[in-house]
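Hey, can you piece these two chains together into the complex? The hints should help.
Spelled out, the chains give:
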Amino acid sequence: DVKVTQSSRYLVKRTGEKVFLECVQDMDHENMFWYRQDPGLGLRLIYFSYDVKMKEKGDIPEGYSVSREKKERFSLILESASTNQTSMYLCASSTGPNTEAFFGQGTRLTVV
Amino acid sequence: AQRVTQPEKLLSVFKGAPVELKCNYSYSGSPELFWYVQYSRQRLQLLLRHISRESIKGFTADLNKGETSFHLKKPFAQEEDSAMYYCASSGGYQKVTFGTGTKLQVIP
Chain A
120 DVKVTQSSRY
130 LVKRTGEKVF
140 LECVQDMDHE
150 NMFWYRQDPG
160 LGLRLIYFSY
170 DVKMKEKGDI
180 PEGYSVSREK
190 KERFSLILES
200 ASTNQTSMYL
210 CASSTGPNTE
220 AFFGQGTRLT
230 VV
Chain B
34 AQRVTQPEKL
44 LSVFKGAPVE
54 LKCNYSYSGS
64 PELFWYVQYS
74 RQRLQLLLRH
84 ISRESIKGFT
94 ADLNKGETSF
104 HLKKPFAQEE
114 DSAMYYCASS
124 GGYQKVTFGT
134 GTKLQVIP
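Protein sequence lines, in the order shown, are assigned to chains A and B.
The opening position of the first sequence corresponds to residue 120 in the numbering used here, with each subsequent residue numbered one higher.
The opening position of the second sequence corresponds to residue 34 in the numbering used here, with each subsequent residue numbered one higher.
Isolated chain B, as found in the complex (with noise of 0.2 Å):
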């Protein structure tokens, strides 16, 4: 069975600070990764994918199949980065299975 964990349930930096936010799967093939975000009173939306390899909001994520990691991470953070940040894993399936999430609270 597919498995994301998100060891941190808060992460509070200061502006300016880099940002690192851990996501670990746990899959035997190749899963496609994403980062999703929920910000106050607005709805869940992808952030970024493994797939794109984008930089979003100056996010980035790199894939680490030897560590199978997906971390988030960002130089400098901004108070609008505040919000709720979820890894997911989709496996191949149709299924996406979630991680319990990561409270990014930037302290001004």
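The following block holds chain A by itself, in its conformation from the complex (with noise of 0.2 Å):
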């Protein structure tokens, strides 16, 4: 049963903070996303990478950044939050193109 992991269920962090969400999968996936949900806006792709070392901009980069060092691990960074980063964060994880894939169970960031 594939299993994708994230560290907080929920998290509080003022503006300004530096903010680390962390993702981790145990089916050796090559691939690794993560979308923001938003009510009316669905969700929206920040980053997604294909290898280790490797990213590439979704539809919503600006104010994130990603590191993937390890294959089993994602990381979105916020750098400096925002009031308008609050939001669920969901990370998933697939095998490769055009396949399933497999979804954390969200992070509810609020930004204060």
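I should point out that these hints are in silico values taken from the structure, not numbers from a laboratory.
Heads up, a few of these hints could be off.
[Claimed, not checked] Think about it this way: if two alpha-carbon atoms lie no more than 20 Å apart in a straight line, the pair counts; the simulated EDC-like pairs of lysine to aspartate or glutamate are: (1) B:K128 x A:E191; (2) B:K136 x A:D157; (3) B:K128 x A:D147; (4) A:K174 x A:E149; (5) B:K128 x A:E149.
Please read these numbers as outputs of a predicted model, since none were measured by experiment.
Given below as structure tokens:
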């Protein structure tokens, strides 16, 4: 059973803080993704990675960066958190193009 | 660029009524299309995908290339079908694009 685990379910951070969201998958998947989920806007892709140390910008990368030093771990970094980054963040992984994505349980981040 | 459109934010139907959740995509090639579902307090999960041509929990979806649509259908809605449904497209790249989602509410 594929498991994608996000390190926190809920986070509250202050404006200007550097925030790290961690995601780990245990099925040796090549691809990993970070999405944010907002009501009425659906899932929007922030960044994805198709290999260790490789990353590609998604549709809304501004204000975010990512790190993938190991195959199983994909980190999302908010360099300087702002209130408009308050959202639900979803991590996902998949084996390759056109394959099912497996999602983590989500991290609800509130920036105050 | 890929685009997935789900025109309805909320769809309310009575139990036992037919359900159709609409999805249109824009991609010049032959994308792989998916429906994902998120039940209350659960993680997002795959419901079905075009290539498998399966019926899952009574749901089916047919790809219509002429209309660039991939609508999700079920003949008789059940209360446990109430959830958020997302259509998604993978255009041969690693990237998966999701629609804005439709909340299905089945009224007892």
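Pair hint K128 (chain B) and E149 (chain A), alpha-carbon separation not exceeding 20 Å: Holds, because 12 Å separates the two Cα atoms, which is no more than 20 Å.
Restraint check for K136 (chain B) with D157 (chain A), where alpha carbons must lie at most 20 Å apart: Measuring from Cα to Cα gives roughly 13 Å; hence the hint holds.
Distance restraint between K128 (chain B) and D147 (chain A), which requires alpha-carbon spacing of 20 Å or less: Holds, at roughly 18 Å.
20 Å Cα cutoff - pair K174 (chain A), E149 (chain A): Holds - the C-alpha atoms of E149 (chain A) and K174 (chain A) are around 12 Å apart, at most 20 Å.
Given hint E191 (chain A) paired with K128 (chain B) - CA-CA distance at most 20 Å: Within the cut-off at roughly 18 Å; holds.
Taken one by one, the earlier hints all hold for this structure without exception.
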